[in-house]
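Chains as they are written, first to last, in the numbering used here: chain A, 1 to 425; chain B, 1 to 289; chain C, 1 to 271.
Possibly wrong hints are sitting among the right ones.
What the hints assert, rightly or not - Not the full set, but computed from the structure, chain C residues with beta-carbon under 7 angstroms of chain A: (1) Arg2; (2) Thr131; (3) Leu209.
It is worth saying that the hints were derived from the structure and are not from the lab. Don't be surprised by glycine CBs; every beta carbon is placed ideally from N, CA and C.
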Amino acid sequence: MKRFSAVGAALLLAAGLAGCSVKSDTGGTGGGEEISFLTFETPNLKPEYWDEAIKRVQAKNPEIKVKKLVAPNTDRTAYAKQLLQSGQFPDVMIAVAPAGFAEAGELYAWSPDELKDFEFPTANPVRGKYFQLPANTQTIPPVYYNKKLFAAAGITAEPKTWPELIAAAEKLKAAGTTPFVTGGGKDGFASSMILAGIVSTDVYSKNKDWLTHRREDKVKFADPDFTAALAKFADLAAKGYVDKTSLSRDYTATEQAFLEGKGAMYPMGNWFAAAADSKPHDFDIGVFNFPTTDGKLVVPAYTGGGMIVNANSKNLPAAKKFALAFQLDKAQLDQSVKADGLIPAIKGYTPPSDMGAVYQAGYKLYQDAVKQSAVVHAFRWETADDGLLPGMADKVDQAAQDLITGRKPAAEVAAFLDTEWNKAR
Amino acid sequence: MWPRVWHFLSFGAPGVLVYVCFVLAPIGISFWYSLTNYNPFNPPISYVGFDNYVLLFQDNEFLTALKITSILTAIVVVVPNVLGLGVALLLDRPGWLYNALRSVFFTPVILSSVVVSIIWSRLLDNDGPLNAFLRVVGLDPPGWLSDPDVAIYSLASIVCWQMLGFCVVVYLAGLQGVPTELLEAAEIDGAGPVRRFRAVTWPLLAPALTINTVVLLISAFKTYDYVKVITNGGPGAGATATIAFNVLATGFDANHVGYASAMAIVMLLIVAVVTAVVLKLLQRREVDL
Amino acid sequence: MRWVRPSVAVFVGAIFFVPLYLVLANVFKQGARIASSPMSLPVPPTLGNVVAVLTRPDQLFWVSLTNSVVVTALSVIVLIVLSAMLGHYLARTRRTWTRVLTLILLAGLMIPPQVILIPITDVLRVAGLMTTLQGLVLFNVGYYVPFGVFVFTGFIRGVPVELEEAAVLDGASRTQVFWRIVFPLLRPATASVMIFLGVWIWNDFIDPLIILGPSQGTTITTGIYRSIGQYQADLGSVFALMALATLPVLVFYLALQKQFVKGLTGGATKG
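Let the hints inform the model, and build the full structure from the sequences given.
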């Protein structure tokens, strides 16, 4: 039977009728309201999390049938690309960066009316339109720290300025503690967290559209301000505040290392709060904003992370309905806050009051920053055409690793980024 | 005897057809892509001639990948071959002990490279068992997978570990084909074990050497899974990125299918030339012996 | 001095065995103890990890196992049939054209799958076979046919033509002769083709990842890869899944062990 439907699908294709979502296993039956939904699994987001979320939406919209797909690793954007290129583009995808897909006309652009319940309806624009539901904000990276190790090293106040951070790191090092916990391995982003913080607070605070300007060739990575940010990071590594040997540690092991007290400070996206509040550790965890040079309040964050919908979906109305229902459901939002520490960007939503201390602390830091309009984009984490070119995030991670190992000086790394940028165009 | 056309159509054609569809035609398509700027996210496609190839040889990333792949291939072709011969000579005895050991050596061959990668990334972790052991004996271990100058050798060792058993089994089969009478005759003539090996055993192992070398060569060139699962090409730019890894990163992650195809075609040519030369040399040697 | 060889052999084997021990020990160890003491013996042993994998609510293991078994079995069967026949053609027809064909096929042995993966998805899409098990099987057949041919051709050359001709004189058809008389003589070759291709296809990673896509579920190998993202905090499950995934191939290998080495070396010496 499958073979026949496969041949049927082939004929459709040959006639140029089929769009991008060939699902030969469902073809022939008409499909009804079935949509495919690309998810991903992390230690926070387990299979059950997705199954329950889908069930919740279906309880209210029983006509929608959902086929859950799972990306094979956390890089679901790369996987969505592979699926598009191999003709299997899903109908709905969550937390997949819209850049690239949107320009190629593969994504549905949400109307202002559909975005009315979202707090930042104009977040992550691509060519002036909005393709990804701006469902939540992530602050990247606040600095989580081990209060026990801080106390043991005689650090009494949370660092606010860069010199204070350096002083704290020096004290920690003197006390025999690794100041910063970093990682890498297959999860390169764990290597570039500190760099993301430095670039966001130093470069973006002066020019919040820096990457847009990079796209327009108005600025370069080799410009003095960006190179200075690279050098600042290289300096941390050169002083021994970052452990070079941790570069082979993948993300989960990195998190584990911090929770086991193998380092004092852990600059990481605020999704770590969920783990901090739920996983065992024998010390208190505090959190402070990524310190800026002079102590001025600048908080890197990015709003997006929501669903994108395949513009050529066979069941576009159902796909749209599912996406909105999923993102706006109160119970689902509560779950996402609990499981993944997200900060939902939905009007009138407040996180459950029984959230853990680390989450609450991080949430407050962000709310204060919003009140003082001190939020800038988080470098490397932008997902629209205000972000890095496709494939560049990996290069930034590699650049960060080269700075940590000291294999290349800042100027050479800046040149490398410019070269790769030109290739990525 | 057989009507030749009919013989081809009934026996030869089905296999050839599938091969043409899924290997030759894709190579042709790949070559065509390599002459274009094909980017599925950035239509239209336009013909750019050999521009991609010109760019390729000015591209540091590609040249580094070429170097990394060569280092890896050299190690993976030599080490399991040499060690495999040693182990085969050691295990070339009857008895349950040697049988059991043969199975131990062969087991990694049947493991998936993803499994092997997971095992070894735990073993070689900075706080992993290997380093714990080395620190106990008073050594200061390097960052096996975190030091960009060491990581590629660690990866190569992992591949060697997995391939060793293959070489052992092939050499053992070769050793079983060495007639005992010849060895006994040589012993009567007063030849010591080393001389017996060089004069009798080694020449008869020539076919085994050929198989091992070719299989190792091919597997080494293809190295992708280990890189993807263990290092993702790092630490740092290009430290462990093989050509195979870069082809998929460029084609699927950065969307530059045209450029990635040029890489693929160059890689294909290199693999073909190197394998052909090695095969020729080894077979000539077999004949000479 | 008779103890020297066994002791050296055991010592070398033991060192080589360490990574395998890591898996065996941790499959039966309590999850929480794996990260802190990966090399310790699993005392007290637990079946919790294995049970956890087998009873996953999304049936990852069982779905993957089914997919892998179907894909591997179908691919290997088709491969044996096609490459034995093609091998017969090449072995029996000695002309320039068959020599060229052999070379082209041999060249296929060296092609890294990554090189042709992107266009293969195009070919499969045009055929409407993308994201299907049939598509993956067909790709496997095309990609591995050179290896099968490589092994079979050498072996068939060792089978006297006279044998076939005599049977034909007795009135049997050519095809009957091949399957009833020649093919049974190729047992060692068939065994080595089965083992090698079975193992390679079972363990294949990037091809099923892309060709099968997510909608058909994973194969064993892509399933392991996927589960490490979620499971890494739960190492016990990762090790259990790895061990369970390997078990079928291990059994398969041990069953065919004796035959297959003979097949591989036999083919190469004569080919």
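These are the hints, each one checked on the structure:
no. : hint   : in the structure
1   : Arg2   : violated (45 angstroms)
2   : Thr131 : holds (5 angstroms)
3   : Leu209 : holds (6 angstroms)
Violation of the numbered hints given earlier is confined to hint 1; every other hint is satisfied by the structure.
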